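**Student:** Spelled out from the first residue to the last, the chains are:
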Amino acid sequence: MTAKLTNRTRALVALAAVLLVPAFFLPLWTINLEAPQYPEGLGMDIMVNTIRGQGEWDLQNINGLNHYIGMKEIHPESIRELRIMPWLLGGLAAFGFVVAAAGRRRLLQLWVLVFVLLALAGLVDFYIWGYDYGHNLNPDAAIKVPGMAYQPPLIGSKQLLNFRAHSWPGAGGMLMVASLLLGMVGLWLDRRARPGDRTEAAAAGKVPVGELGHARA
Amino acid sequence: MSMRKRVLLGVAAIATVTLGLWACGTAGRGGALSSADAASAVYVPPGEYDEFYAFMSGGFSGNLTVMGLPSGRLLKTVPVFSQFPENGWGYSEETKAMLQTSYGFAAWDDAHHPELSMTDGVPDGRWIFINANNTPRVARIDLTEFETKEIVEIPNSAGNHGSPFITPNSEYLVATSRFSVPVPNRDMSIADYAGNFKGMLSFVRADRPGEMDIAFQIIVPGYNYDLAHAGKGPSDGWMFFTSYNAEEAHTLLEVNASRRDKDFIAAVNWRRAEECIAQGQARTMPARYVHNYIGDDHIARSELKESVTVLEPAACERLVYFLPTPKSPHGVDVDPSGRFIVAGGKLATVIPVHSFEKMIQAIEQEKFEDVIDGIPVLEYDAIIAGEVEDPGLGPLHTEFDDRGYAYTTAFISSEVVKWSLADFKVVDRIPVYYAVGHLMIPGGDSRKPWGKYLVAMNKMTKDRYLPTGPELAHSAQLIDISGDKMRLLLDFPTMGEPHYAQAIPAEMLREKQVKLYRLDENTHPYAVKSEADTRVTRDGRRVHVYMTAIRSHFSPDNIEGIEVGDTVYFHVTNLEQDWDVPHGFAALGMETAELLIMPGATRTLTWVPKQPGIYPFYCTDFCSALHQEMQGYARVSPRGSNVPLAWGTGGELKTQPVAAQ
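If you read the sequences in order, they're chains A and B. Letter by letter, the first sequence follows residues 1 to 217 in our numbering. Letter by letter, the second sequence follows residues 1001 to 1661 in our numbering.
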């Protein structure tokens, strides 16, 4: 069996798991659109299980505007990722609580690894969705600009005709990042607190021996 | 100086000044302030907002204009009593009923006095009311939508000028008969005016949306009842009405109604009226009048009412008193404390200020010099608080600031005169261009004026702007009243003829503006909420087109099966749920008007095609980049040609065979 985590690290992991709970109710990602005609703003929030307009009719209006350039309408109920994501997020949170309760370092390492992989997969999926959304255009669209695609930026800002699109993590996304960082910090603190265990890690091939840093202990 | 001498002097001065005005031309131009200072005082930088919403009556345009202060920029025209082809008001099936009267459909009126609803004597921003002078009515305009919602006609009345002045908690607004007429109106010799023609002071329940109605009317002698204002504070419970033509002249009034030294302010104790009604001292009189109201489905409906409650002063003692007032008084204004009643005796050489306290004492001590039709006439000397000397010629209207000063317009000497409520002495005066009628200070007729600005509404424009042929826009002047001296800031043209105006701080209305109507709350019986439900149906000679509009197409946009002589109803629902995206609708040869349909709303236009052919229709409000593509065709076939009803957008037409119709 792997070594026990320090109490401090277990507390951090518990906190990391707790941070994932409000992420169920907060936007994971936000896309804001700026245009001269929308001084009041227009935008949508990607929630764990849906996509919703920031204003009550924003999604409807984004769909309405997008029909001019031939983009598909966004119908949250037809996006399958939105049905899977609550389970993944819930699983991560539950797993985090298990790690905190069991206090096993190997489990924490696994949690961090799974979290990182899921985050990467999520971003890749988001990119693919955005690519399809921005490139797969209706040939009958009224406005066709040669060479122009309307893929929203994965992260950051981009000018799309009259709209400037801003894509950034929402509060829920920030909490997820914070949760992952807490898990990583916990792992690091735990390792610092128990230099003796590092040989075990090295033996398991996880950490290069040259970086063990016994001198500091 | 005797009153007679004063009047003679006044008339001489009027003549002199009037001639002088014409002779001088531009001599009076400008103001005391440097142009740069004045410009910065009224400058509202791009993207920023005015401090006040000002509501200017449209006068003979029959509507209400909304302007920003201090910029003087026009923000909106709210149609009220006149048909407004610009948005279909009074033409669309949903709004036609609003202009219904007991005389029939009245397409026009003359709107004089806007009046904000009040709570505790201060404008509260719920509604604004306005009167129709010609065919007596009052309207309520909702200030979340800036749309007329309700109009009630005033029976037994003619020339509803002194209206719609409101009580401190919006219990009642009033309506007066500028023209006395036989009550009930009937065929009779005009020469038999005296004693047969009656004035009518009407109280309208104002604080119950959808239930505006005549609460009671008071029959008074056949004078001309001109303007009014409610008491407030100690005088709350009273309403004061000016009258002229105590001579009861019915011809050449300019001479015959100007003979007496004094006419009357009628002081009405409206709480006493409520008591008399409760005690059964009123009678019910047959009367025909119409109440029009727009319901939650955005459709106006008319109801005919057939009786009113009438009080006669002789049957309800202590209801009405006459306050003798020189001379043919026009405005009657109550100061913020509610202690003083200021009359604008338009032919008088002083401004008489009555004391409410003294009026009550005179009533208690029965200092009556006469009784007319059961109405005691109080002794002038017993009720007067003071007279403002040298107030300019032709004083008409007074408003008040928040620092104890009154401001009175002088029509003939074309100036605004500032005087102190402490000692009734004139402290400042400023010329205005030209011949000022009403003036307006934000909250200036309320218990707590906001002060700061004064708007003079002038009756003549002459050389103030680039000339535009014989007809000129009426001019207004914005005057800064925040300091000791009044300073002219801005000249601006207005719409129609603003008689009076009201203003309210912008923040009291700005945040509560409706941006669109919720489609899911649209209960219009002919609304369609998705393009899939759009259709055309026939009911005998009537064709109903259930149409939608969304950027940038109509559904259906091709319609066939209409025949010459059909009555076609275009029921257009704007499917947008986005701010500031109205769509318009008009068809070739339409004899009515266009429609402007706000997001989420449904409006109906009726069209009776007279000749076969193809009739294009299109969106009249530039809605989007492809607005020019937002069009359609209606095919009109000869009568009896059996072309099946067919409709669609962007694909095959759906049809309804003739046999199935």
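Please note that a few of the clues may not be correct.
[As the list claims (entries may be wrong)] Listing some non-contacts, in silico: residues in chain B with all C-beta distances to chain A over 10 Å:
hint	residue
1	S1102
2	R1339
3	M1508
[To be verified] In the SDA-like style, the derived pairs of lysine to any residue whose C-alpha atoms are separated by at most 25 Å in a straight line are:
hint	chain 1	residue 1	chain 2	residue 2
4	B	K1096	B	R1288
5	B	K1515	A	R52
6	B	K1515	A	I128
7	B	K1512	A	Q37
8	B	K1515	A	W188
Read the hints as simulated data drawn from the structure, not as lab findings. No experiment lies behind these values; they were computed from the predicted model shown. Glycine included, C-beta positions come from ideal geometry on N, C-alpha and C.
**Student:** Each hint should be assessed against the structure and marked as holding or not.
**Tutor:** The hints, checked one at a time:
With 10 Å as the threshold on Cβ separation, the claim that S1102/B sits away from chain A holds: the shortest Cβ distance comes to roughly 43 Å. Annotated as non-interface, R1339/B keeps its C-beta farther than 10 Å from every C-beta of chain A; the closest such distance is 48 Å. Listed as a non-interface residue, M1508/B keeps its Cβ farther than 10 Å from every Cβ of chain A; the least gap is roughly 21 Å. Restraint check for K1096/B and R1288/B: satisfied, since their Cα atoms lie roughly 19 Å apart, inside the 25 Å limit.
About 20 Å separates the Cα atoms of K1515/B and R52/A, which keeps this hinted pair within 25 Å; it holds. A distance of roughly 37 Å separates the Cα atoms of K1515/B and I128/A; the hinted pair therefore is violated under the 25 Å criterion. As the CA atoms of K1512/B and Q37/A are separated by approximately 21 Å, the hinted pair is consistent with the 25 Å bound. Taking the CA atoms of K1515/B and W188/A, the gap is about 54 Å. The hint is violated against a cut of 25 Å.
The structure shown violates the earlier hints numbered 6 and 8.
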